[in-house]
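A.B. asks: Using the hints, position chains X and R against chain B.
Residue numbers (our numbering), protein chains in the order written: chain B, 4 to 134; chain X, 4 to 134; chain R, 4 to 134.
Hints are supplied without guarantee of correctness; some may be wrong.
No copy labels: a pair is met if it fits in one copy or bridges any two.
Straight-line Cα separation of at most 20 Å, SDA-like style, residue types lysine to any residue; simulated pairs [unchecked claim]:
(1) Lys6 x Ser30
(2) Lys105 x Asn5
(3) Lys105 x Phe131
(4) Lys13 x Thr61
(5) Lys14 x Asn124
(6) Lys6 x Lys103
(7) Lys75 x Ser58
(8) Lys105 x Pro43
(9) Lys105 x Tyr128
(10) Lys34 x Asn5
(11) Lys75 x Thr61
FYI, nobody ran anything at the bench for these hints, they're computed from the structure.
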Amino acid sequence: MNKLNLRTNKKNEIIDITEDIRRLTESSGIKNGICTVFCPHTTGAITINEAYDSSVKTDLMFSLDKISPVYKEFRHAEGNSDAHVKSSLIGLSLNLIINKEKLIIGQWQGIFFVEFDGPRNREVYVKFISE
Amino acid sequence: MNKLNLRTNKKNEIIDITEDIRRLTESSGIKNGICTVFCPHTTGAITINEAYDSSVKTDLMFSLDKISPVYKEFRHAEGNSDAHVKSSLIGLSLNLIINKEKLIIGQWQGIFFVEFDGPRNREVYVKFISE
Amino acid sequence: MNKLNLRTNKKNEIIDITEDIRRLTESSGIKNGICTVFCPHTTGAITINEAYDSSVKTDLMFSLDKISPVYKEFRHAEGNSDAHVKSSLIGLSLNLIINKEKLIIGQWQGIFFVEFDGPRNREVYVKFISE
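Only chain B is shown next, with the shape it has when bound in the complex:
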């Protein structure tokens, strides 16, 4: 199992980890198989979206704050339930395909770690399975 270590800088932040995953894929020696990317944090998430225009990340975060606002009815004492909800909405486990030694994602796609309750030190776990 491989680990990425990330440092996030604010409450809502998207960190592009595509090149980290690509580097791990190449050094894994795997030819064909899959790769599981897992976020072990309850206020973070893993997703894939457009990496080319960074305004997509901005708009995604804007919408997520509308979708999961802070409600006065929340009971969790830490006050970050909006972040927990966003984590389950976006999801924290992703499966990628490795084909002919290459990580297969779309032309405009990037793999993102999504921080909903930073700044924090974060980890991402990566596991390769050969076919």
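C.D. replies: Showing chains X and R alone in chain B's frame:
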């Protein structure tokens, strides 16, 4: 393939299945690999979130009812389209990493079956793949 | 790695790809394992929901338009940020279980490619891993 059998007791309910998955992992004999957890129901879901403070589960369900309310425009005759929407938002397939015979999740994380249209008898399917 | 080619016809559309995945499963020769279904597009998604009553698809799309509307604050110049948000909410990677040469999904479930920014030509990638 392994199956868990669950009984849910109300419309919205979160059942912690972490120990069930851990027990299956240990009895599988797998050393390193991945584990797919799958919900075969269209008004249930599988997610991971904080297991320590149960108020996170309460707040998650509260927000999901705001995010996916019952709309008068719904056409599905069973009247549970809000539950179908929640199922696709949260997701029903999850991939976990097994490392050195251990199920790898974060310190505060638990694996949840999420019921959106109970009470019902439910199943969760679990499949292990060795590296 | 297998590829499905799809043609979508409008902005919001759900295409049932269950039979395509089933056919690929049977021709793969795999007995027991998993199957990763991946969408390489940033305004599409993959989900599972009820296939039997098509009004579930209609209601799902209706709700998603409410959950992720077009905001005037959006910065992405292409004007389709609502579609990018929906893609990350629904998710674009799914793991299925293959057991005794059969694709395992629930009785009422179908596997859907979800188009949020059509009409377009789309691909879905499918990878099988034997246990």
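A.B. asks: If a hint holds in the structure, say so; if it does not, say that too.
C.D. replies: The hints, checked one at a time:
1. In this assembly of identical chains, Lys6 and Ser30 lie within 20 Å of each other by CA distance solely inside one copy; the values are 13 Å within and 26 Å between copies.
2. Taking CA atoms no more than 20 Å apart as the test, Lys105 paired with Asn5 passes in both settings, with 17 Å inside one copy and 15 Å between copies.
3. Both within a single protomer and between protomers do Lys105 and Phe131 lie at most 20 Å apart by alpha-carbon distance, with minima of 12 Å and 16 Å respectively.
4. For the homomeric pair Lys13 and Thr61, the shortest alpha-carbon distance inside one copy (13 Å) is at most 20 Å, but the shortest distance between copies (26 Å) is not.
5. For the homomeric pair Lys14 and Asn124, the shortest alpha-carbon distance inside one copy (12 Å) is at most 20 Å, but the shortest distance between copies (37 Å) is not.
6. Only between protomers do Lys6 and Lys103 lie at most 20 Å apart by alpha-carbon distance; the minimum there is 15 Å, versus 23 Å within a single protomer.
7. In this assembly of identical chains, Lys75 and Ser58 lie within 20 Å of each other by CA distance solely across copies; the values are 13 Å between and 30 Å within a copy.
8. Proximity of Lys105 to Pro43 under the C-alpha cut-off of 20 Å is restricted to the inter-copy arrangement: shortest distance 14 Å between copies versus 25 Å within a copy.
9. Taking identical chains as interchangeable, the C-alpha atoms of Lys105 and Tyr128 lie at most 20 Å apart whether they share a chain (19 Å) or sit on different chains (14 Å).
10. With identical chains, the CA atoms of Lys34 and Asn5 are at most 20 Å apart both within one copy (17 Å) and between copies (15 Å).
11. Proximity of Lys75 to Thr61 under the C-alpha cut-off of 20 Å is restricted to the inter-copy arrangement: shortest distance 13 Å between copies versus 25 Å within a copy.
Checked against the numbered hints above, the structure violates none of them.
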